[in-house]
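Going line by line, the protein sequences match chains A and B.
Mapping of the first sequence onto my numbering: residues 1 to 216, in sequence order.
Mapping of the second sequence onto my numbering: residues 1 to 195, in sequence order.
Any given hint could turn out to be false.
[Said to hold, decoys possible] Result set (SDA-like, lysine to any residue): computed pairs, CA atoms no more than 25 Å apart in a straight line: (1) A:11 / B:139; (2) B:17 / B:30; (3) A:89 / B:111; (4) A:3 / B:35; (5) B:59 / A:152; (6) B:75 / B:86; (7) A:212 / B:112; (8) A:89 / B:77; (9) B:75 / A:81; (10) A:212 / B:75; (11) A:89 / B:62; (12) A:14 / A:50; (13) A:11 / B:147; (14) B:64 / A:11; (15) A:212 / B:111; (16) A:3 / B:60; (17) B:89 / A:4; (18) A:212 / B:53; (19) A:152 / B:86; (20) A:152 / B:15; (21) A:3 / B:147; (22) A:14 / B:114; (23) A:126 / A:167; (24) B:57 / A:15; (25) A:11 / B:98; (26) A:3 / B:92; (27) A:15 / B:97; (28) A:212 / B:138; (29) B:57 / B:147; (30) B:75 / A:167; (31) A:3 / B:187; (32) A:11 / B:15; (33) B:160 / B:82; (34) B:35 / B:139; (35) A:3 / B:137; (36) B:89 / A:126; (37) B:75 / A:126; (38) A:14 / B:82; (39) B:59 / A:214.
Treat the hints as calculated values from the structure; they're not laboratory data.
Quick caveat, the model's predicted, so the values are computed rather than measured.
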Amino acid sequence: MIKIFQSEFFKLRKKLRTWLGPLLIMVLVLIAFPLSIDISQYDLNRFYFSIIVVALLMISFLSTEGIFLEDYEDGSLEQVYLVEQDFYKFVLAKVLTFVLLIGVPMAGIGSVFSILNGISINEVPKIFFMMFLSNLLLFNLFAFGSSLSINKGAILGVLATLPLALPIIILLGRGVRTIQHGIGFEGVMALMVGSGLLVASITPLIISATLKTHLE
Amino acid sequence: MSLIAANRISYTINNKKLFHNLSFTIDAGSALHIKGGNGSGKSTLLRILLGITTPSKGKIELLKPNTKITYLGHKNAIKNYLTPIENLKLIFHQSNLESALDWFQRLGLSRVQDEISANLSFGQQKKLALIRVLAAPADLIVLDEPFVGLDDSSRNLLNKYLQESISTGSSLALTSHIRPEIISKELMLENFSND
């Protein structure tokens, strides 16, 4: 498992455009949005976090679109199957790599920018952790979507799973409000940790079965 | 001793019958050369042997537990954005890496070791992909058109390696339009007409 993870990490690290591109787009969106409106007319505190959340959603959506395509096209999936006889560890390692190289920096960027939403610096680690968990859920969800239509344009499958991302976004929004009001944060956090662990351990099983059907 | 047994396997795709009621065994230390025209199902049969594709009917039995299999199909499974050495390190980690680097030299790839694999010629990419098979001893070697794109010296090296592997007890299943210089049983796949 560690070797698979090391391989996946090495491959993604080498593909600068795949991991750095989404992060730059996120920074660009978060900087460009306040500049494109007349801030003096709006109370940025009230809606800036929504922009962060939408950016988070879109970037995780875009960065996972081709998560399995390269391995499918170059024959690596067949080789993985021959060695492992399923794709569970491979998918687990791949999604985790994406979360670490793209999801964690995204959570970092998002939580820093959330200061513009009136979040105090002391609360930034809480926001970071919540965004990290959201990314863990979103990356698993969109990786599943990508695996559904891997050889027919992965964007279709990812689009199909987009509605399932809504509960995650709602939960993230609820979490931010609990931080702002100082009550109930632990409850929301426990819910996110629980669902994060559950989704991160079960989704690779489903994706593994989906990938196998594509190889048939 | 048989390593793998195919029992009455058939495969149909999009109402097109590729093969029907095929039964054969591959013994340890023997080779099976699967022949047939284009579209006769040779590659599919190899994928069925490997368990990647499920036959429409019949079954494949691996008679030896924990059979170690190496395979090279139509796709090379190499990463175009990595150098050949990086590709080998991905495939072999530490085990067999020394042997892989030895094959890398023997196949004349040393002079392109710093290039990214996308810049390699078709034949060089094929050689790089073949190292996956050459450097990892296996009970069963499965190759789909392994000689395509290879120059004469590499083809001879591969033939010699395959013959040596067979004589040391490995089994081989391959498809090839270029006749391999190894002693092998032949299995001819007919082109079925659609009823």
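Does the structure break any of the earlier hints, and which numbers would those be? When the structure is compared with the hints, numbers 1, 2, 3, 4, 5, 7, 12, 13, 14, 15, 16, 19, 21, 24, 29, 30, 31, 32, 33, 36, 37 turn out to be violated.
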